[in-house]
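Chemist: Residues per chain are reported as follows:
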Amino acid sequence: MVAAYPDYKEAVAKLVEQHRKLRNGRLHLAVYLAPPKRAKRDIYLFELIEDFGGGSIDPDKKLFTFAYGSTPGFPLPPDARLWMILTNPAELDHAIQENWKRLHDLRQSRKTGQAIVLHADAMGKKFWNKLK
Amino acid sequence: MTLPRAWMQQAESDFRTAQRVDIHGDTRSRCQAISKYQQSVEKSVKGVLDKLHDAGFTRAHSDSRHHVARYAEVFRNIPRTRQTGDLLNQLARLFTDAVVEQINLLDSFVPQYPAAGALAARNHEYPFQRAPLDWRAPSDEDAFSAGELRRIRHCAGSLKVGLRRVFDALESLFP
Chain A
0 MVAAYPDYKE
10 AVAKLVEQHR
20 KLRNGRLHLA
30 VYLAPPKRAK
40 RDIYLFELIE
50 DFGGGSIDPD
60 KKLFTFAYGS
70 TPGFPLPPDA
80 RLWMILTNPA
90 ELDHAIQENW
100 KRLHDLRQSR
110 KTGQAIVLHA
120 DAMGKKFWNK
130 LK
Chain B
0 MTLPRAWMQQ
10 AESDFRTAQR
20 VDIHGDTRSR
30 CQAISKYQQS
40 VEKSVKGVLD
50 KLHDAGFTRA
60 HSDSRHHVAR
70 YAEVFRNIPR
80 TRQTGDLLNQ
90 LARLFTDAVV
100 EQINLLDSFV
110 PQYPAAGALA
120 ARNHEYPFQR
130 APLDWRAPSD
140 EDAFSAGELR
150 RIRHCAGSLK
160 VGLRRVFDAL
170 ESLFP
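First to last, the sequence lines map onto chains A and B. Each step along the first sequence adds one to the number in numbering that gives the first Met the number 0, with nothing skipped, and position 40 is 39. Each step along the second sequence adds one to the number in numbering that gives the first Met the number 0, with nothing skipped, and position 68 is 67.
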């Protein structure tokens, strides 16, 4: 039996809590999501971090997305991967205004009720509302 | 603050300083801009390397030497999967042959005293020689070309952004 969304809510919430402490008030938004057309066994986490990438904006208009397997801090079954989508407020603002392609996963997850906000401060809420 | 994070913060500061002295048309300050771009690259590379070391990916860690092209091979050879989205693949992809070539060039510009009997090599800080009696200063108008500076600027800029993103991602995976 392969675990799927939202089975990892508790584990992802713990990871987000670690990130919240690590970023020391600079983590604005963290969302555990399940994009409709992605592998069901994988876990997807979107985070908006104040100075991610030094506050840079990707010239190729792609939100920074990467995958990783099991780690000591976030154990996963074989073949399952943790996908993270990381951005900063300036970049997300651009992405929303210019409708970058990778926002589609976020919007679709939200639209289909496959997204759980695990952390949001005032700025995070503002951006999450813009992603409706 | 951890050592890797301190490297990354200083790399950012070096890059901003490089941008301030990288003045179009001011040929005599090219050496200053190249010096700060080189320092930015060196520190970004060392920051990511030390983060990988702390996370247990590699036994290599930064040392006192300024030359960092040797670490590109570490980044390219870390065991990883075939999936393009893998973070370590993204790290390896930053170090294309062209980027490594520029890092080698930057490494060669780090000042060092010549071996006995050798000419002082061109660098961004100390006087150097084109012939035994022909001393030049790095701030000479023709010490560095506009093309060299343009390529170095591009290399340092792309590594600053790319390595910082990978570093932040590693911090998220290995807090």
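In case anyone wonders, no lab produced these hints; they're calculated from the structure. Glycine residues also receive a C-beta, built at the ideal position from the N, C-alpha and C atoms. Be aware that one or more of the hints could be misleading.
[Said to hold, decoys possible] DMTMM-like, lysine to aspartate or glutamate: derived pairs with alpha carbons at most 25 Å apart:
1. Lys61/A to Glu140/B
2. Lys124/A to Asp6/A
3. Lys20/A to Asp21/B
4. Lys8/A to Glu11/B
[As the list claims (entries may be wrong)] Some chain A residues near chain B, calculated using beta-carbon distances under 10 Å:
5. Lys60
6. Phe63
7. Thr70
8. Pro77
9. Ile115
10. Val116
11. Phe126
12. Leu130
Chemist: All the hints need checking, so say for each whether the structure fits it.
Modeler: For each hint, the structure was consulted:
1. Of the supplied pair hints, the one linking Lys61/A and Glu140/B is violated, its CA atoms being roughly 40 Å apart against a limit of 25 Å.
2. With a C-alpha separation of about 24 Å, the suggested pairing of Lys124/A with Asp6/A holds against the 25 Å cut-off.
3. Taking the CA atoms of Lys20/A and Asp21/B, the gap is about 37 Å. The hint is violated against a cut of 25 Å.
4. Proximity of Lys8/A to Glu11/B is assessed by CA-CA distance (about 35 Å); at most 25 Å being required, the pair is judged violated.
5. At its closest, the beta carbon of Lys60/A sits 14 Å from a beta carbon of chain B; the interface hint therefore is violated under the 10 Å criterion.
6. A distance limit of 10 Å between C-beta atoms decides the matter here; for Phe63/A the minimum to chain B is near 5 Å, and the interface restraint holds.
7. With its C-beta approaching chain B no nearer than about 6 Å, Thr70/A sits inside the 10 Å limit, and its interface hint holds.
8. Because the smallest distance between the Cβ of Pro77/A and any Cβ of chain B comes to about 12 Å, over 10 Å, the interface hint for this residue is violated.
9. Because the beta carbon of Ile115/A sits about 18 Å from the nearest beta carbon in chain B, more than 10 Å, this interface hint is broken.
10. At its closest, the beta carbon of Val116/A sits 17 Å from a beta carbon of chain B; the interface hint therefore is violated under the 10 Å criterion.
11. Checking Phe126/A against chain B: minimum C-beta separation of about 18 Å lies over 10 Å; hint violated.
12. Taking 10 Å as the C-beta cut-off, the interface hint given for Leu130/A is violated, the closest approach to chain B being about 20 Å.
Of the numbered hints listed earlier, those contradicted by the structure are 1, 3, 4, 5, 8, 9, 10, 11, 12.
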